Amino acid sequence: SFEIDENGIMNISATDKGTSKNAKITITNNKGRLSKDDIDKLIKEAEKYKDADEKIRKRVESKNALESYCVSVKHTLDDEKLKDKFDASEKTSVLEKVRETESWLSSNPEADTAEYEGKLKALETVFNPIMQKIYAQGGAPGGAPGGFPGGAGFPGGAPGAGGNSGPSVDEVD
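Everything in the sequence shown is counted per full-length UniProt numbering, starting at 1 for the first residue and increasing by one.
Simulated from the structure, these hints should not be mistaken for lab results. In this text the structure is predicted, and so the values were computed from the model without any measurement. All residues carry an ideal CB built from backbone N, CA and C; glycine is no exception. Careful: at least some of the hints might be erroneous.
[What the hints assert, rightly or not] Cβ-Cβ distance ranges computed for the label pairs, FRET-style:
hint, residue 1, residue 2, range
1, Asp78, Asp53, 34 to 44 angstroms
2, Lys41, Phe2, 28 to 38 angstroms
3, Gln132, Ser107, 26 to 36 angstroms
4, Lys24, Ala52, 47 to 57 angstroms
5, Ala122, Asp38, 27 to 37 angstroms
Given these sequences and hints, build the entire structure.
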């Protein structure tokens with residue numbers, strides 16, 4: 001009889017019915033496989049570089065966040081619904097800061113996490129107050145006039161303040 005286990009190891013046993021002599025053999029295929037020592041060595045090596053890999057991952061994430069924010073800011077400035085909400089001087093100053101940041105990104109591809117985060121904060125410091133002003137004026141998409149989402153007459157707004165434009169319910173006996 002023979003059986004193959006989940007590791008690909010074949011166990012064969014044979015019994016001579018006349019003499020009741022029993023013999024067993026195990027066949028393994030180790031060609032091209034890593035030994036237990038090799039696996040342990042690879043695990044230790046991976047643990048050794050874990051911290052360095054984590055630092056690289058964080059650096060790449062912060063770089064991607066900065067690049068994404070630059071693209072998002074430019075997209076917002078070009079948005080048809082918001083285009084005329086920006087003062088020319090505001091738009092110019094934000095675009096200058098975005099170009100400066102993109103230029104810095106091109107010349108510093110291997111900067112550290114803190115530098116990327118610092119550049120992101122600097123860009124946010126220029127852009128966020130402008131967007132807050134636009135939202136407060138109610139000019140951003142999705143906001144209600146006056147910058148009061150969920151205000152009277154809007155979904156989630158004060159009950160009864162929106163007039164009687166909705167359906168009416170009459171109870172019938």
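Here's how the hints hold up against the structure:
no., hint, in the structure
1, Asp78 to Asp53: 34 to 44 angstroms, "37 angstroms, holds"
2, Lys41 to Phe2: 28 to 38 angstroms, "33 angstroms, holds"
3, Gln132 to Ser107: 26 to 36 angstroms, "31 angstroms, holds"
4, Lys24 to Ala52: 47 to 57 angstroms, "48 angstroms, holds"
5, Ala122 to Asp38: 27 to 37 angstroms, "49 angstroms, violated"
Hint 5 from the list above is the single one not met by this structure.
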